[in-house]
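Given chain A, work out where chain B with the ligand should sit, using these hints.
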Amino acid sequence: MSKQHKDKAREFLQNDSYATWHDQTFWGVRAKRDTMAGNLPEWETLREKASQIKRHTLSHLDRYLDEFSRNAERNGAVVHWASDAAEFNETVLGILKGHGVRKMVKSKSMLTEECEMNPFLEAHGIEVVETDLGERIIQLGRQKPSHIVMPAIHLNHDDVGELFEREGISHEKGNHDPVFLTQQARLSLRHEFLSAGAGMTGANFGVASTGDVVVCTNEGNADMSTSCPKLHIVAMGLEKLVPDYDCLAVFQRLLARSGTGQPTTTYTSHFRKARPGAAPMHIILVDNGRSTWLSDPEHWECLKCIRCGACMNTCPVYRRSGGYSYSYFIPGPIGVNLGMLRSPKEHAGNVAACTLCQSCQEVCPVKVNLAGQIYRWRQQLPAFGKANPTKRVLSDGMKMVFSHPLLYKTATGVLKPFHSRFKKLEK
Amino acid sequence: MSTREEILARCRSSIRERYAMPSLDDINPITWDDPVKQFRQALENAGGKAVEVPSGSDLGEVIKGLFPQAVSFAGNPGEIPAVNIDPDTVEDVSRMESLDVGIVRGETGVAENACVWVPQTMKEKAMCFICEHLVILLPKSRIVNNMHEAYRRISFTGYGYGCFISGPSKTADIAQVLVMGAQAARSLTVLLLPE
Ligand code: SF4
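These protein sequences, in sequence, are chains A and B. First residue of the first sequence: 1, per the numbering used here; consecutive thereafter. First residue of the second sequence: 1001, per the numbering used here; consecutive thereafter.
Looking at chain A on its own, in the form it has when it is part of the complex:
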């Protein structure tokens, strides 16, 4: 049996100074998010609207997918549909082959990670170059992301410096200054942008009423990836749709404030069609389980997620165990839940990685009830043959508390003084 979360967390905690840095860094990001939230009197209204818009959109997904794809086609884009990862990967390969592409640059996309697209394309002789700096670093180090927004957070500047020296990106031995290293990566990526045959982006949002694909980055790498090569491919999960610009404004305001504590990302790029002289833009709409998860009465709201990362930044378990302690490629509260939707057999171990403190759902910009869902997965564990007898007793106790509102109130009331103590300690 593979190692459980607690075993990997123990290994993570061996390096005391790093573990402390990791914990404090993410708590710092959480604090920045709080400042952003505090600056907007309408913050809680925005979260509530975002949650309701997502509920509405997901429960009319058939209609919005149809509308989005028609508008995108009217704009001149080619829309493809993929039921699963294999169909997605084949579609990408087909488009690339059709254009004789040997090298593709790409901006960050968790969906391509989910579909394991890079190894598939590489096996077919296509070079894929990640252009988000964090993604590029872990690609060079042949690693996986340890956070969905800050994928290389598990490495320090010495790790990156040595990696760049090994890979020929940096030629000044021992200079591990982040400014210098970022500059070296910039120079090396410039060459990649200008020599690639195609650029791929993910999508933060797809706007049904206009057919826009919206991509949010701080580095500008999505724009570089699409304004240099002559072919743009978009990888987009079905759940990324929003009805129109009025709705998009709500999410645009929430995304960066929640995730990194910035009032916006540097670039919010809207793509409707290819630039002059380029091949038509291709959009691949990917299901890969999503349409089935919609039918799960307990867990469908995970599809509301806009992948901001706030729930992992605040999670006391994530902060003290790191992304690699989870078996699913997305860590933290949302990753625990998405892993269970994907495969309870493989990822049931992760549901232990939660204290039910509910901090995650306090900060989630679209109000996914993350801890509530993890609690429910625990109840369902016996059905997967995964329950741990000692935990069972505890869990039955929690069930009683959760299902009796008065008891729950008393229990949290009792916890409150401790909770504020915790808050002080965290700072």
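Hints should not be assumed to be uniformly reliable.
To be verified - Footprint (simulated), chain A over chain B, 3 or more residues, beta carbon under 8 Å:
#1 1008-1016
#2 1098-1105
#3 1121-1133
#4 1167-1176
#5 1182-1188
Stated by the list, open to error - As a list, the in silico EDC-like pairs of lysine to aspartate or glutamate whose alpha-carbon atoms are at most 20 Å apart:
#6 B:K1049 x B:D1034
#7 A:K6 x A:D23
#8 A:K345 x A:E298
#9 A:K367 x A:E48
#10 A:K367 x A:D34
#11 B:K1123 x B:E1149
#12 A:K230 x B:E1097
#13 A:K32 x B:E1044
#14 B:K1140 x B:E1052
#15 A:K230 x B:D1026
#16 A:K103 x B:D1092
#17 A:K230 x B:D1088
#18 A:K367 x A:E298
#19 A:K230 x B:D1092
#20 A:K367 x B:D1026
#21 A:K8 x A:D23
#22 A:K367 x B:E1017
The set of hints was computed from the structure by calculation and includes no laboratory data. Glycine included, each C-beta is placed from N, C-alpha and C at the ideal position.
Chain B with the ligand only, in chain A's frame:
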């Protein structure tokens, strides 16, 4: 059945309850007495710089004065006489690889976060990202309070691309240290134009 039809059918059979669209009229988004002042502050926080241009100034001179070392300037030659690269006629994007300054017109500025809507107005939009320094021209009167107002105003040209830009390209991917100039422009100057 095509994959499209299969996916739509699966969605239809999975959806259990259809939720109504909420009204967005009661958000009461934040506004400022002086949106221009707030815009300048937000831009500074994002690592950019705002420069007020007095009426009657020669824009070309203003821009050259801001970048005394720069050699190459790209932008619409009809608008800025000082430019020596035209993104409409440049034969290949790689010709702009060492571009010093790109100059482009912004359509709407947003006070809450210093976003400026830049619709594509040139053949090679790479100019806005590949340049070392980006200059956006924005009439002061085009600054709105928040993204709700902005999304009601923005427009596209036939190029079918536009971008909200707030500050220079940045990253903190190496050990969480903030560095300006990741893959795109290292600096952003917004020239606030009088009417
Ligand atoms: S579940 Fe919520 S907080 Fe977590 S990544 Fe998704 S949107 Fe962000």
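A quick look at each hint next to the structure:
1. 1008-1016: As far as the segment 1008-1016 of chain B goes, the hint holds, because 8 residues have Cβ atoms under 8 Å from chain A.
2. 1098-1105: violated (count 0)
3. 1121-1133: holds (count 7)
4. 1167-1176: holds (count 10)
5. 1182-1188: holds (count 4)
6. B:K1049 x B:D1034: Holds - the C-alpha atoms of D1034 of chain B and K1049 of chain B are around 18 Å apart, at most 20 Å.
7. A:K6 x A:D23: Roughly 17 Å separates the two Cα atoms, so the pair holds.
8. A:K345 x A:E298: holds, 18 Å
9. A:K367 x A:E48: Between K367 of chain A and E48 of chain A the Cα gap is close to 7 Å, so the pair holds against 20 Å.
10. A:K367 x A:D34: holds, 16 Å
11. B:K1123 x B:E1149: Answer violated: K1123 of chain B to E1149 of chain B is near 28 Å, above 20 Å.
12. A:K230 x B:E1097: It holds: about 16 Å lies between the C-alpha atoms, which stays within 20 Å.
13. A:K32 x B:E1044: Holds. K32 of chain A to E1044 of chain B sits at ~17 Å (cutoff 20 Å).
14. B:K1140 x B:E1052: At roughly 9 Å apart (the allowed maximum being 20 Å), E1052 of chain B and K1140 of chain B satisfy the hint.
15. A:K230 x B:D1026: violated, 44 Å
16. A:K103 x B:D1092: Holds, at roughly 19 Å.
17. A:K230 x B:D1088: Satisfied, since the Cα-Cα distance of roughly 16 Å is no more than 20 Å.
18. A:K367 x A:E298: holds, 14 Å
19. A:K230 x B:D1092: holds, 11 Å
20. A:K367 x B:D1026: holds, 19 Å
21. A:K8 x A:D23: holds, 16 Å
22. A:K367 x B:E1017: holds, 18 Å
Checked against the numbered hints given earlier, this structure breaks hints 2, 11 and 15; the rest are met.
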